[in-house]
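Trainee: Letter by letter, the chains look like this.
Protein chains: 2
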Amino acid sequence: MDGRIDGRKLAKQLSLKTKENVASLRNIGVVPTLVEILVGNDPASRMYLNLKHRKAGRLGIKSIVKRLPADTTQDQLLNLVQQCNLNDDIDGIVVQSPLPKHINERVINAAINPGKDVDGVNPLNEGQLFEGSQSNYPVGCTPKGIMTMLHHYHVPLRGRRVVVIGRSRIVGRPMTSLLINAGALVTDLNHYAKPIRDFTKQADVIISATGHINLLNGDDVKPGVTVIDVGENMNANGKLVGDVNFKSVAKVAGLITPVPGGVGPMTVATLMQQVVDLTEWSRNDD
Amino acid sequence: MDGRIDGRKLAKQLSLKTKENVASLRNIGVVPTLVEILVGNDPASRMYLNLKHRKAGRLGIKSIVKRLPADTTQDQLLNLVQQCNLNDDIDGIVVQSPLPKHINERVINAAINPGKDVDGVNPLNEGQLFEGSQSNYPVGCTPKGIMTMLHHYHVPLRGRRVVVIGRSRIVGRPMTSLLINAGALVTDLNHYAKPIRDFTKQADVIISATGHINLLNGDDVKPGVTVIDVGENMNANGKLVGDVNFKSVAKVAGLITPVPGGVGPMTVATLMQQVVDLTEWSRNDD
Chain A
1 MDGRIDGRKL
11 AKQLSLKTKE
21 NVASLRNIGV
31 VPTLVEILVG
41 NDPASRMYLN
51 LKHRKAGRLG
61 IKSIVKRLPA
71 DTTQDQLLNL
81 VQQCNLNDDI
91 DGIVVQSPLP
101 KHINERVINA
111 AINPGKDVDG
121 VNPLNEGQLF
131 EGSQSNYPVG
141 CTPKGIMTML
151 HHYHVPLRGR
161 RVVVIGRSRI
171 VGRPMTSLLI
181 NAGALVTDLN
191 HYAKPIRDFT
201 KQADVIISAT
211 GHINLLNGDD
221 VKPGVTVIDV
231 GENMNANGKL
241 VGDVNFKSVA
251 KVAGLITPVP
261 GGVGPMTVAT
271 LMQQVVDLTE
281 WSRNDD
Chain B
1 MDGRIDGRKL
11 AKQLSLKTKE
21 NVASLRNIGV
31 VPTLVEILVG
41 NDPASRMYLN
51 LKHRKAGRLG
61 IKSIVKRLPA
71 DTTQDQLLNL
81 VQQCNLNDDI
91 DGIVVQSPLP
101 KHINERVINA
111 AINPGKDVDG
121 VNPLNEGQLF
131 EGSQSNYPVG
141 CTPKGIMTML
151 HHYHVPLRGR
161 RVVVIGRSRI
171 VGRPMTSLLI
181 NAGALVTDLN
191 HYAKPIRDFT
201 KQADVIISAT
211 GHINLLNGDD
221 VKPGVTVIDV
231 GENMNANGKL
241 VGDVNFKSVA
251 KVAGLITPVP
261 GGVGPMTVAT
271 LMQQVVDLTE
281 WSRNDD
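Quick note, the sequences are listed as chains A and B, same order. Start counting the first sequence at 1; every next residue gets the next number (the working numbering). Start counting the second sequence at 1; every next residue gets the next number (the working numbering).
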């Protein structure tokens, strides 16, 4: 059987739903509006931002891109964030990461209005996730998109062994919280976990977000395992590949995400849906 | 060898240091002040609150207990919290849990000034912990006290397998974050983990916070393991016991906390130290 998880197809379905939600909102005069702030000229950030800008446009979301020079001060950036916080026409704010080194990303993230925090990076939203709160709050789009995928493919989580490799603030940590909240038995691994096979061989689900090519091969995993590969790495031939050796692992896994075409499209589609969610939540609060 | 972790002795050492810190602050005219709010008449809460009140007094911390009737409304409680937030003479606020059912604990916790949040229950502080932030912020006193114990007894954490049983908001979850931040390979277990031995047998460190008597016996753990027992359960003979079968596990473990005399005293001592920390941090912010 082909155990490939089709992230593109699922992202299209999600986007279709988002487009309908946007249309309903526009029908009552509400235009979901996203502001993305880019400081400096990081090429990858620019590419990603353009992708999101076009995607938003196709779904009917108003997308505003604010480009600031690399020497923007932290206070100037804080001022802009504050303006966006106070502007009722703006529903979602993204400050594109990474920021120049002279700006403290934590300070900026904490300044974003929690109700407009599309990336779920404000500590207040992180705290809600940490608590397993049942209220409405935004969550990092990559881990949220992965939960949608696991749910769509009926991957059981409650009482299952899940290994999360990588403990970054935007993927590993929120992923772990979402999985704990779903009743999974989650193990967080970092680069001290050696040999990693000792851990991954026991897992029913593996989420890898490390940036290391060929981290896992077929003999590192259990037959039937679900593997979600968050890695986006450039190999020696200039090809985009994930963390796991896809060919080798796919032979053993029950389900596996390809790179590209797995997690990536779901992240963008989830971000757009979350802009719409924020728009609706703020309206319900009024 | 006797692998018993002496929580009482360590708590005394910590309290001695706290007492000195309080004296230094009082010398410059600063009186660390803790307000504890009790709603209703839960007997266990009253006992615990009295214990903290006496302890604070012995260390020179000014302790104010506010007792409210069980039918206090959520708004009335919020008003009192707000008064304490705004009162510059108050350094720490504890709203004793559990609250009556008609009051939403999350709403109250979120209302506590994050800079006065002794129990580390405000989502903003939880978010800082979740992120692994290096700044100053309060953390739940039980998990923080456990980290102090592990550190004092030179228990290595980086790259070690740690199992946390229980995922409560005040013990399991913050414990997991602290351990992840320390580089441990943490597995969170819940009651779906069966048989639990499959997980605990592999662990270098086990933290149990479940409220189940005799959850672990000697043959459930690895020789040399460190066992931290957060349970406080009443057994059939009316005796206070932990989650683990102490006699049986102590024969196999390298280090183990007794109940009573293990985690409990460290929680109270850590709480007092955290009141002093909050006092100092707020002064440095001025």
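I should point out that these hints are in silico values taken from the structure, not numbers from a laboratory. This one's a predicted model, so the numbers in the text were calculated from it and none came from an experiment. Among the clues, some could well be false.
Because identical chains cannot be distinguished in the list, a pair is counted as satisfied if it fits within a single copy or across any two copies.
DSS-like mimics (lysine-lysine), calculated; alpha carbons at most 30 Å apart, straight line [to be verified]:
| # | residue 1 | residue 2 |
| --- | --- | --- |
| 1 | LYS239 | LYS201 |
| 2 | LYS201 | LYS19 |
| 3 | LYS194 | LYS222 |
Trainee: Checking against the hints above, which ones are violated?
Mentor: 2
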